[in-house]
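**Q** Residue numbers (full-length UniProt numbering), protein chains in the order written: chain A, 1 to 161; chain B, 1 to 303.
Don't read these hints as lab results, they were simulated from the structure.
For each residue, glycine too, the CB sits at the ideal point set by N, CA and C.
Hints are not guaranteed to be accurate.
Derived lysine-lysine pairs resembling DSSO-like cross-links, with alpha carbons at most 27 Å apart [as the list claims (entries may be wrong)]:
{"id": "1", "chain 1": "A", "residue 1": "K14", "chain 2": "B", "residue 2": "K130"}
{"id": "2", "chain 1": "A", "residue 1": "K22", "chain 2": "B", "residue 2": "K196"}
{"id": "3", "chain 1": "A", "residue 1": "K22", "chain 2": "A", "residue 2": "K36"}
{"id": "4", "chain 1": "B", "residue 1": "K285", "chain 2": "B", "residue 2": "K78"}
{"id": "5", "chain 1": "B", "residue 1": "K303", "chain 2": "B", "residue 2": "K285"}
{"id": "6", "chain 1": "A", "residue 1": "K38", "chain 2": "A", "residue 2": "K10"}
{"id": "7", "chain 1": "B", "residue 1": "K56", "chain 2": "B", "residue 2": "K67"}
{"id": "8", "chain 1": "B", "residue 1": "K49", "chain 2": "B", "residue 2": "K78"}
{"id": "9", "chain 1": "A", "residue 1": "K22", "chain 2": "B", "residue 2": "K130"}
Footprint (simulated), chain A over chain B, 3 or more residues, beta carbon under 8 Å [what the hints assert, rightly or not]:
{"id": "10", "segment": "136 to 148"}
{"id": "11", "segment": "175 to 187"}
{"id": "12", "segment": "210 to 222"}
Here are the chains, one letter per residue:
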Amino acid sequence: MTSPSASSRKALSKIASNRLQKELVEWQVNPPTGFKHKVTDNLQRWVIEVNGAPGTLYAGETYQLQVDFPEHYPMEAPQVIFIPPAPLHPHIYSNGHICLDILYDSWSPAMTVSSVCISILSMLSSSTEKQRPADNDRYVKNCRNGRSPKETRWWFHDDKV
Amino acid sequence: MQNQEGNAVDADTVTMTSVQTSEIDDWANFKDDDIMQQQSAIQSEEAGKIPFVGDKEPLSSLAVEYKSGNAILLEKIKVLITQYAALRRTRGDGNCFFRSFMFAYLEHILESQDGAEVDRITVSVEQCRKTLLSLGYAEFTFEDFFALFLEQLENVLQGSEASISHDELVHRSRDQSISDYVVMFFRFVASGEIRKRSEFYEPFIQGLTNTSVEQFCKSMVEPMGEESDHVHITALSEALGVPIRVVYLDRSSCDNGNVVVNHHDFVPSTRDLTNGNVGGSETLKPFITLLYRPGHYDILYPK
Numbered sequence: 001m002t003s004p005s006a007s008s009r010k011a012l013s014k015i016a017s018n019r020l021q022k023e024l025v026e027w028q029v030n031p032p033t034g035f036k037h038k039v040t041d042n043l044q045r046w047v048i049e050v051n052g053a054p055g056t057l058y059a060g061e062t063y064q065l066q067v068d069f070p071e072h073y074p075m076e077a078p079q080v081i082f083i084p085p086a087p088l089h090p091h092i093y094s095n096g097h098i099c100l101d102i103l104y105d106s107w108s109p110a111m112t113v114s115s116v117c118i119s120i121l122s123m124l125s126s127s128t129e130k131q132r133p134a135d136n137d138r139y140v141k142n143c144r145n146g147r148s149p150k151e152t153r154w155w156f157h158d159d160k161v
Numbered sequence: 001m002q003n004q005e006g007n008a009v010d011a012d013t014v015t016m017t018s019v020q021t022s023e024i025d026d027w028a029n030f031k032d033d034d035i036m037q038q039q040s041a042i043q044s045e046e047a048g049k050i051p052f053v054g055d056k057e058p059l060s061s062l063a064v065e066y067k068s069g070n071a072i073l074l075e076k077i078k079v080l081i082t083q084y085a086a087l088r089r090t091r092g093d094g095n096c097f098f099r100s101f102m103f104a105y106l107e108h109i110l111e112s113q114d115g116a117e118v119d120r121i122t123v124s125v126e127q128c129r130k131t132l133l134s135l136g137y138a139e140f141t142f143e144d145f146f147a148l149f150l151e152q153l154e155n156v157l158q159g160s161e162a163s164i165s166h167d168e169l170v171h172r173s174r175d176q177s178i179s180d181y182v183v184m185f186f187r188f189v190a191s192g193e194i195r196k197r198s199e200f201y202e203p204f205i206q207g208l209t210n211t212s213v214e215q216f217c218k219s220m221v222e223p224m225g226e227e228s229d230h231v232h233i234t235a236l237s238e239a240l241g242v243p244i245r246v247v248y249l250d251r252s253s254c255d256n257g258n259v260v261v262n263h264h265d266f267v268p269s270t271r272d273l274t275n276g277n278v279g280g281s282e283t284l285k286p287f288i289t290l291l292y293r294p295g296h297y298d299i300l301y302p303k
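Only chain A is shown next, with the shape it has when bound in the complex (with noise of 0.2 Å):
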């Protein structure tokens, strides 16, 4: 039994192109600090390449942000995840899943790719220990048949990592 996966996305709705192309020409005209997004002529997948910011645990490190858009964007919410290797974190999974609940519950048109970047370093941040989520080989494990994290029901809790 394995259920549909990110690669059977359709393509951006019209609504949903012209949003990300506003976006878009405002990320460049103001990106926010500490990333950098990685030009393609893919308007449906945005690469970002992200910097631990300066005083943190991840100080000096880069990651890889992997920004996938669906068909309803911003109705519905963009797929992200690190491209591995992921930063070593109790809420990021070693295949790249991010336990964040703006990315699905709690995701709203409102926000932006620029207030998601954002969110993801102050998760990275705010951390005090570099490991990774109790549940992580289990999780994983799970994840073999390519699952998407957003066909993944999370459990958030109101804890300060």
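Let chain A serve as the given structure and place chain B on it in line with the hints.
**A** Quick look at chain B alone, frame taken from chain A:
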């Protein structure tokens, strides 16, 4: 002391993040896939039962629904039947308040052809746009939603090539690509209003949940599917200047045995003006009436 201060700052600035415990040990065989499939099965079942906005039904359908139900509810339905003619159900997907408001408002304009009201709300909408900009929202995040609402508003006024019929309004309200966008427009409006007058809304929000105004808007107003409470209704009514009547169908009863159906009118403060004439204290009568049953809103039609 320093440490405590540090913690206090943390609580305000750190985004809510979390740990996944997707599979509880004892449930090792119960996979996420199964749960997600079950969840979407429940959602599509809900969708199959009722569209975003249903057809108009006689109020007697409520009586049938509670046929062998609670006696107080049955008595209240009898009272409702004397005052209201019909009911229009909306889907219970967490957006029912905004969706009910959308349909009831646009239907009112379509039937009344009240051009003055359209002009008035257009000014309010422009004000909401300025509010969001002043709060630091990027215009591209909300402009499509605003444009879509204004388009519907224009279309329900007759006499232009783009004018639509009542059937078309029903059709659009059931079309996710329009209906959800208009719902989201209202969520932006409500959120902007709450943030703009945060000192006014803060005590109400504190009464509901232990979060800041900012966090409340971010997690309980702006995401689709988050249910509405008094705060959302007040904010939408205030920001758009539209009074809303909510009729409560619940099990509360009076001591003296008389069954009374309670209602509350949300009247925007900007329009709660006493009539200029001496002795006049005419408040605005709501033209939108919603039926509230715990956890859900539908549209009511007065006789």
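**Q** Go check the segment 136 to 148 of chain B versus chain A for me, would you? Three or more residues, Cβ under 8 Å, otherwise it fails.
**A** Satisfied; 7 residues make the cut.
**Q** Check the hint pairing A:K38 with A:K10 against an upper bound of 27 Å on the C-alpha distance.
**A** Answer holds: A:K38 to A:K10 is near 23 Å, not above 27 Å.
**Q** For B:K303 and B:K285, compute the direct alpha-carbon distance and say whether it is at most 27 Å.
**A** This hinted pair holds, its Cα atoms lying about 15 Å apart.
**Q** Hey, A:K22 versus B:K196, does the alpha-carbon distance stay inside 27 Å?
**A** With Cα atoms ~26 Å apart, A:K22 and B:K196 stay inside 27 Å; holds.
**Q** B:K285 and B:K78: Cα distance at most 27 Å?
**A** Within the cut-off at roughly 24 Å; holds.
**Q** Has the given pair, B:K49 with B:K78, been kept, meaning a C-alpha gap of at most 27 Å?
**A** Status holds; Cα separation ~26 Å.
**Q** Hint check: A:K22 vs A:K36, CA-CA at most 27 Å. Holds or violated?
**A** 17 Å, holds
**Q** Take the segment 210 to 222 of chain B, compare each residue's beta carbon with every beta carbon of chain A, and decide whether three or more fall closer than 8 Å.
**A** holds (count 3)
**Q** Are the Cα positions of B:K56 and B:K67 separated by 27 Å at most?
**A** Between B:K56 and B:K67 the Cα gap is close to 20 Å, so the pair holds against 27 Å.
**Q** The segment 175 to 187 of chain B covered by chain A? Criterion: 3 or more residues, Cβ-Cβ distance below 8 Å.
**A** holds (count 5)
**Q** Run the distance test for A:K22 versus B:K130: straight-line Cα separation, threshold 27 Å.
**A** Holds, because 19 Å separates the two Cα atoms, which is no more than 27 Å.
**Q** Straight-line Cα separation of A:K14 and B:K130 no greater than 27 Å?
**A** 26 Å, holds
In summary, this structure violates none of the numbered hints.
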